[in-house]
Amino acid sequence: MKIERGLVIMRPTEDCNLDCRYCYSTKSSDVVLMDDGTLDCALKKILGFYGHVTFVWHGGESTLAGLDFFRKAMTLQHKHRRSGQKIINEIQTNGTLINAEWVKFFKAHNFFVGVSIDGPKEINDTARINRDGSGTFDDIFRGILLMKEEGINVAGICVLAKHNIDHIGEIVSFYEEQGMPLNINPFISSGKGSIFRDELLISPVEFSKAMIGLFDRWFEAPTVKIYDFYKIIKSFFTGSNNICCYSGKCSSEYISVCPNGDVYPCGRWAGEKTFFMGNLNKDTMRKIVTSRAATDILNRKEFLDDCRDCRWLEICNGGCPHTSYLYTGNIYNRDFYCMGRKKLFSHIYNKISSSLEDARRATKMIKGGG
Amino acid sequence: MKTLAVVQAPLPIGNVVEAIPERFRRLTTDGIDADVVENPVIKMLVEESPALASGRRCSIVPEDEWLIFLD
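So the protein lines, in turn, are chains A and B.
Sequence positions in the first sequence follow the numbering used here and run 156 to 525.
Sequence positions in the second sequence follow the numbering used here and run 32 to 102.
Careful, some of the hints might be misleading.
To be verified - Using C-beta positions, here's what the derived DEER-type ranges look like:
no.: 1; chain 1: B; residue 1: D61; chain 2: A; residue 2: K157; range: 54 to 62 Å
no.: 2; chain 1: B; residue 1: R56; chain 2: A; residue 2: V187; range: 25 to 33 Å
no.: 3; chain 1: A; residue 1: K259; chain 2: B; residue 2: I51; range: 28 to 36 Å
no.: 4; chain 1: A; residue 1: T378; chain 2: B; residue 2: E53; range: 34 to 42 Å
no.: 5; chain 1: A; residue 1: G206; chain 2: B; residue 2: P71; range: 29 to 37 Å
no.: 6; chain 1: B; residue 1: R54; chain 2: A; residue 2: D293; range: 22 to 30 Å
No lab work stands behind these hints, which were simulated from the structure alone.
Where is the CB? At the ideal position from N, CA and C, for every residue including glycine.
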């Protein structure tokens, strides 16, 4: 059994130096840092199983694992890489610990870097904060500038929640000014985020309204790459969506590895024993991706009564199983943001579809008119 | 775990009709000349349609499709 492509979220540590109010992350075990043996074993099994692999180094704050850890990881990837195998490394970081050494490392190993930043200082610093409550913008932005000066591919993630949803335009303008692509993720009520649920939670309708407004602006002037829109539009042409939440393939093409080697369908599940898939120190990848948790999630689409007749099932696959589980206690219910996403899909589809029809008519007229 | 629900109105024997859900129709840029398009997103789609269809790298199918998780 082999899978052609895998996206593996590696969590070298679940510790973080920040204290963001909406952080979904939870600790899966008492193991603070992935040890050398687990790293070696994990990379060997993962590279032996998937055809091509994208490693997303994630946390916690993954740079807390230290440069030596990452240097070892690169050496081990090289050791276990099979002939012709493509490996991509990405890191998701809060950017605050980036220095010249990290930049040199990212550059040497062609890392894509994702930085979490919620736009300009006054917006970012309301939720992305240090443990003493102070804002993080200055440290994050310093890290971004360091990387950009050296030509590192830097993009961003913005978490959309109650505190910033009315400022989505300013946030995207910030990204435009910095020439940084971005992903916009709606808040999920997990980890520390669940403590502040009442002040952060947005409704599916609020989500769709903000995203539709943003799409309309972007559609006329796409001056910044907003991945969400690219991927949704692409799915209307190809019939599949590789945003993990819509792919229906988490637990096979997407997996997450905790510091102790435990594997879950994604980092959001870390520590949720019902969806524990196995441990890379003990189990084979085959056993892990055919575990009960994995097959339950892979087969989920067949049991989603709410989605069976949905127009968008092909490109949504019922949305994120974790979000369903989190809000309803059952993966066989639809994603919390379902109604909002349906509205967003419909809006984008109709706009693209009618514009294509107009262009087709115009082409016909010009050709017909000689 | 839920099981697949089978809910059908009673139908005459020998005349069973299964409802087919209405799915979206896939889009295509066929029949469009990029020169007549003004909107930048549509223009990008038309210009990159061969790559879009093949899944090869182009702006709308970015190779850097990453950063898909919350932090």
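The hints, checked one at a time:
no., hint, verdict
1, B:D61 - A:K157: 54 to 62 Å, "35 Å, violated"
2, B:R56 - A:V187: 25 to 33 Å, "51 Å, violated"
3, A:K259 - B:I51: 28 to 36 Å, "57 Å, violated"
4, A:T378 - B:E53: 34 to 42 Å, "36 Å, holds"
5, A:G206 - B:P71: 29 to 37 Å, "35 Å, holds"
6, B:R54 - A:D293: 22 to 30 Å, "49 Å, violated"
Checked against the numbered hints above, the structure breaks hints 1, 2, 3 and 6 and satisfies the rest.
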